[in-house]
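2 protein chains.
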Amino acid sequence: MQSLIEEQILKYLGGGSSNVEAEVSLEALDDAAVIHNIVLKSDSHTVKPLFFPGGDIGRLSIAGTVNDIANVGGEPIALASGFVIEEGFEMYKFETILKSMQEACKEAGVSVITGDTKVVETGALDEFIINTSGIGKRGDALDRNIAEVKKYREFKSNWLVDSNIKEGDKIILSGTIGDHGTAILSSRRGYDFSVKSDVAPLNKLHHKLLEVGGIVKIKDPTRGGLSNVLYEWSKKSKVGIVVKQEKIPIHANVVEACEILGINPLHTGNEGKLVIAVIPQKAEEVLTALRETKEGKDAEIIGEAAKIFGNHVLLDKGGVEGRVVLQAPSTDPVTRVC
Amino acid sequence: MQSLIEEQILKYLGGGSSNVEAEVSLEALDDAAVIHNIVLKSDSHTVKPLFFPGGDIGRLSIAGTVNDIANVGGEPIALASGFVIEEGFEMYKFETILKSMQEACKEAGVSVITGDTKVVETGALDEFIINTSGIGKRGDALDRNIAEVKKYREFKSNWLVDSNIKEGDKIILSGTIGDHGTAILSSRRGYDFSVKSDVAPLNKLHHKLLEVGGIVKIKDPTRGGLSNVLYEWSKKSKVGIVVKQEKIPIHANVVEACEILGINPLHTGNEGKLVIAVIPQKAEEVLTALRETKEGKDAEIIGEAAKIFGNHVLLDKGGVEGRVVLQAPSTDPVTRVC
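Protein chains in written order, with the working numbering: chain A, 4 to 341; chain B, 4 to 341.
It cannot be assumed that every hint is accurate.
A pair counts as met if it fits within one copy or between any two copies, since identical chains are not told apart.
Stated by the list, open to error - Taking lysine-lysine and the DSBU-like style, the derived pairs with C-alpha atoms no more than 30 angstroms apart in a straight line are:
#, residue 1, residue 2
1, K51, K96
2, K159, K51
3, K159, K140
4, K211, K51
5, K96, K300
6, K199, K14
7, K247, K51
8, K154, K96
9, K140, K250
10, K169, K51
11, K102, K247
12, K320, K153
13, K96, K159
14, K140, K207
15, K14, K140
16, K140, K109
17, K310, K140
18, K320, K247
19, K102, K238
20, K154, K102
21, K153, K102
22, K14, K109
23, K310, K51
24, K207, K14
25, K297, K159
26, K310, K199
If you're looking for bench data, these hints aren't it; they were derived computationally from the structure.
Since the model is a prediction, treat every value here as computed from it, not as a measurement.
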């Protein structure tokens, strides 16, 4: 369904005049677009429930857009919020959401500078939707990072895009996976596994990583989870990827919750983690920098891009199981995860 | 309701760090925001029905954002589209909407360069929502226009904002009013008044007007109609405004339809018209330029900003009725008009 929609969108909206000028265009299907050195991103949020352990739709709407702008190497400047509200939606809920947005904006160091609100009749919408768009600029840290990469290997892009990865690049995961998706689904089903969403704006972490240097791409494993990130990279960079299962950080109660809920933690969304592709010469340095931060204290080098027939993504399960092809994500096992 | 929401949004999201840097900030509640010379706009579209005489939600979503960027003096560069789709929505409808977007983009000379799609379960949404965000740049035509204004009077803003209007400025309307709102409501009720929506991207018209010069503000009378534009200007510019009823262009069948539908054409949305505030010295020249265009052939100078006690907006009905205070819009009489 999702891919059918994307095909249709590209068929009609791809290749337009601005797309040709864009440095990162619609066709790239990357985290954000870039034109005239301005990073542009738009994201609609339909998460259900609106309030979940560890966050709410307000925090999510800021974090999601800020992170996507930073994923391509941009420094978020400002945001625009579009609210669609069902008539009868309680004002205290709206205020709680706005407060969360305000806090997340402070953490990220950005502001909402414009917006739009539409109220629709009761029944026309399940409560509340936020679209957050945003713009980012090119910062010096990105230029220094790219210069560092170029000391060691060829690097053609001016931005951090999915097609930048080459054989030998290390794959780092900034922390535990599955927390957000598990929190959403368990909250919806009324279970309490003591799992909290990791939703957070991470642009300051991105900045710190760029200052270390050697980064070729950063991506947050949201819809479709870690598996989706690895498949996107493998497809667009035309490389194989191998990750070691034992290196992937995950909380014990997330493992347990996923078993009970019947979902795969490698396939479900996170909102406060980064997957980082880095040249091997800088991998340990990036790992050390990550572990110094609150958000990155559990970081691990989980694998690398490698020469694999058919450019598959392999999961090394260790022991007698060995390497298996990681299941490709069709969609996130948790609906309305973000 | 709408104003309560805006107050809450300003309370929590106003005054953030980027808002302070913004040249046109959230607090301005203008057509779009401006930061670092980049114009930013976001607009969610919930129009019902999705397809109506003269257009559809796709065309509307492009025109709305392009026009708002141009209203503050920006030249639209690129757009981002966020779709939220109810599961089961027919693919041929989606394709028709995408085709309309493509056409409107061509007319405007912009492209969608990034996007996002969320599918929600049946019943969680009345079919389909589009959010369109966009960015614009500062063009030379705006600088030349402002230089022209400054030949005749003081002008403090760098952009075309609602607070720019001064006593004596002429108010021009580019064409007939009430077409869009009447088309939407009659279509929803199953009447046929042969009224078509005027929905169109007008940024090329904005550009032409700036090339004539002397423009202090342009605004499209969307939600809340012409009345809303005049009230916004009066409030933010702290001036009175007088418009002559007999000068306001309106189609005879719109007058008739509005009577039957029980709505006021001065209060309902248009999507292809401009209200232009211009210094008196350039008003006739701007009018002539407008009338040379297809979109502006019915243009009229409908009134002017004037010294009026309490800065009221007056409607001059002519004859024995004389000048009356124009009713302030609370909300658009047509729900889900855009």
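Here is how each hint holds up against the structure:
1. K51 - K96: both (14 angstroms within a copy, 26 angstroms between copies)
2. K159 - K51: The answer is neither: 40 angstroms in one copy and 47 angstroms across copies each exceed 30 angstroms.
3. K159 - K140: Answer is both: 19 angstroms inside a copy and 27 angstroms across each meet the 30 angstroms cutoff.
4. K211 - K51: neither (32 angstroms within a copy, 47 angstroms between copies)
5. K96 - K300: neither (33 angstroms within a copy, 48 angstroms between copies)
6. K199 - K14: between (39 angstroms within a copy, 28 angstroms between copies)
7. K247 - K51: Neither: 32 angstroms inside a chain and 51 angstroms across chains, both beyond 30 angstroms.
8. K154 - K96: neither (52 angstroms within a copy, 51 angstroms between copies)
9. K140 - K250: Classified as neither: same-chain Cα gap 34 angstroms, cross-chain 46 angstroms, threshold 30 angstroms.
10. K169 - K51: neither (38 angstroms within a copy, 49 angstroms between copies)
11. K102 - K247: Answer is neither; intra-copy 40 angstroms and inter-copy 45 angstroms both fail.
12. K320 - K153: Intra 34 angstroms, inter 72 angstroms, cutoff 30 angstroms: neither.
13. K96 - K159: Classified as neither; 47 angstroms inside a copy, 40 angstroms across copies.
14. K140 - K207: both (14 angstroms within a copy, 27 angstroms between copies)
15. K14 - K140: Both: 29 angstroms inside a chain and 27 angstroms across chains, each within 30 angstroms.
16. K140 - K109: both (18 angstroms within a copy, 27 angstroms between copies)
17. K310 - K140: Neither: 35 angstroms inside a copy, 44 angstroms across copies.
18. K320 - K247: within (6 angstroms within a copy, 79 angstroms between copies)
19. K102 - K238: between (40 angstroms within a copy, 29 angstroms between copies)
20. K154 - K102: neither (45 angstroms within a copy, 46 angstroms between copies)
21. K153 - K102: Classified as neither; 43 angstroms inside a copy, 42 angstroms across copies.
22. K14 - K109: Cα proximity of K14 and K109: across copies only (15 angstroms, versus 39 angstroms in one copy).
23. K310 - K51: neither (40 angstroms within a copy, 53 angstroms between copies)
24. K207 - K14: between (36 angstroms within a copy, 26 angstroms between copies)
25. K297 - K159: Classified as neither; 33 angstroms inside a copy, 47 angstroms across copies.
26. K310 - K199: Classified as neither: same-chain Cα gap 37 angstroms, cross-chain 60 angstroms, threshold 30 angstroms.
In terms of the numbered hints stated before, the structure departs from hints 2, 4, 5, 7, 8, 9, 10, 11, 12, 13, 17, 20, 21, 23, 25, 26, listed from lowest to highest.
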